[in-house]
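Visitor: Sequence:
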Amino acid sequence: MEIFLSPESWIALLTLTFLEIVLGVDNIIFISIVSNKLPAHQQQKARTTGLILALVFRIGMLLSISWIIGFTEPLFSLFTYDFSIRDIILLAGGIFLIFKSTVEIHHKMEGQHDEKGKKQFLTFGQVLFQIVALDIIFSFDSILTAIGLTEEVLLMIIAITISIGVMIAFAKTISEFIKKHPTLEILSLSFLILIGFMLMIEAFDVHVPKGYIYFAVFFSLLVEIINMRVRKKRDAAEPVKLRKRFEDGPVK
1 MEIFLSPESW IALLTLTFLE IVLGVDNIIF ISIVSNKLPA HQQQKARTTG LILALVFRIG
61 MLLSISWIIG FTEPLFSLFT YDFSIRDIIL LAGGIFLIFK STVEIHHKME GQHDEKGKKQ
121 FLTFGQVLFQ IVALDIIFSF DSILTAIGLT EEVLLMIIAI TISIGVMIAF AKTISEFIKK
181 HPTLEILSLS FLILIGFMLM IEAFDVHVPK GYIYFAVFFS LLVEIINMRV RKKRDAAEPV
241 KLRKRFEDGP VK
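Quick note: the sequence shown, position 90, residue 90 per the UniProt record's numbering, numbers continuous.
Keep in mind that the hints are not guaranteed to be accurate.
As the list claims (entries may be wrong) - In silico EDC-like links for lysine to aspartate or glutamate, alpha-carbon gap of 20 Å or less: (1) Lys37 - Asp205; (2) Lys180 - Asp87; (3) Lys179 - Glu224; (4) Lys45 - Glu224; (5) Lys232 - Glu185; (6) Lys100 - Glu110; (7) Lys172 - Glu152; (8) Lys108 - Asp235; (9) Lys108 - Asp205.
Everything labelled a hint here was simulated from the structure, so no lab data went into it.
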C-alpha cells in the first residue's frame, strides 16, 4: 500500500473521484427517469441493483485494461472514418438514448395508459436491462478517463466505487424530485437527447468538450429551479376567484 503514502496518489484519487462523479451526472438522470417506470416498491431496488451490476462491470473492465485499450483500434473504414468497437458502441448508445428520450417525451405529452386508463409500468427486468446497458455505454468515458489520469488500477477502482456509491445515495432523491416536477422531467429528457447526439458525433471522432454540455445542463437546471420557485410563489399569492353567483350571495 505504498501508493497511499504518496501525495500525488491522493491528488490523483481525489481528482479522479470528482471527475467520475461529474461524468455520472448523465447516467443518474437516465436512471432516475427509467426507474420511475416501475411500481414504487421496486424503484429503489432497481436503482441499487443496476448500479451495483454497473460497478462490477467497470471493475472487470479496469482489470482488463489491455483489452479495453484494444476497443479503440480501428476495425473498418467507412468513407473517411475509421470505426472501432468503442465507436460502434457509442453510436448505438447515442441512437438508443435519442430514441428512448423522444419516446418518453411523446408519452408525457400524449399520456401512457392502457385501455382501462391505468398507468402502464415496465417490468423489473426491462428497467434493470436499460440501466445496465446504458451504464456500459457511459462506462467507456469513465474508464478511459481513469486510464488517462493514473496507472494505478487500485486508485481507479476506489474512485469508481466511490462515484457509484454517490449515485446510489442520491439516485432516490433525484428520482423523487424529477417525478414531483414534470417540467424538470421534460428538461432532463431533453438533456439526454443532447447527450445522445454528443455520443453519436463522438463515434465519428468529432470531440465536443464535455464542459460545454455540463454547463448547459446546470445552467438550464438553475433557470428551471428559479422558474419553479416563481410559479410556486405566484400560485400562493393568487386569490381564489369565485363565480359571480357566489360573490353575490348564496343561491336561493
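Visitor: Each hint needs a verdict: does it hold in this structure or not?
Guide: Taking the hints in turn, this is what the structure says about them:
no.: 1; hint: Lys37 - Asp205; result: violated (34 Å)
no.: 2; hint: Lys180 - Asp87; result: violated (36 Å)
no.: 3; hint: Lys179 - Glu224; result: holds (15 Å)
no.: 4; hint: Lys45 - Glu224; result: violated (29 Å)
no.: 5; hint: Lys232 - Glu185; result: holds (17 Å)
no.: 6; hint: Lys100 - Glu110; result: holds (15 Å)
no.: 7; hint: Lys172 - Glu152; result: violated (32 Å)
no.: 8; hint: Lys108 - Asp235; result: violated (23 Å)
no.: 9; hint: Lys108 - Asp205; result: violated (34 Å)
Consistency note: the structure conflicts with the earlier hints numbered 1, 2, 4, 7, 8 and 9.
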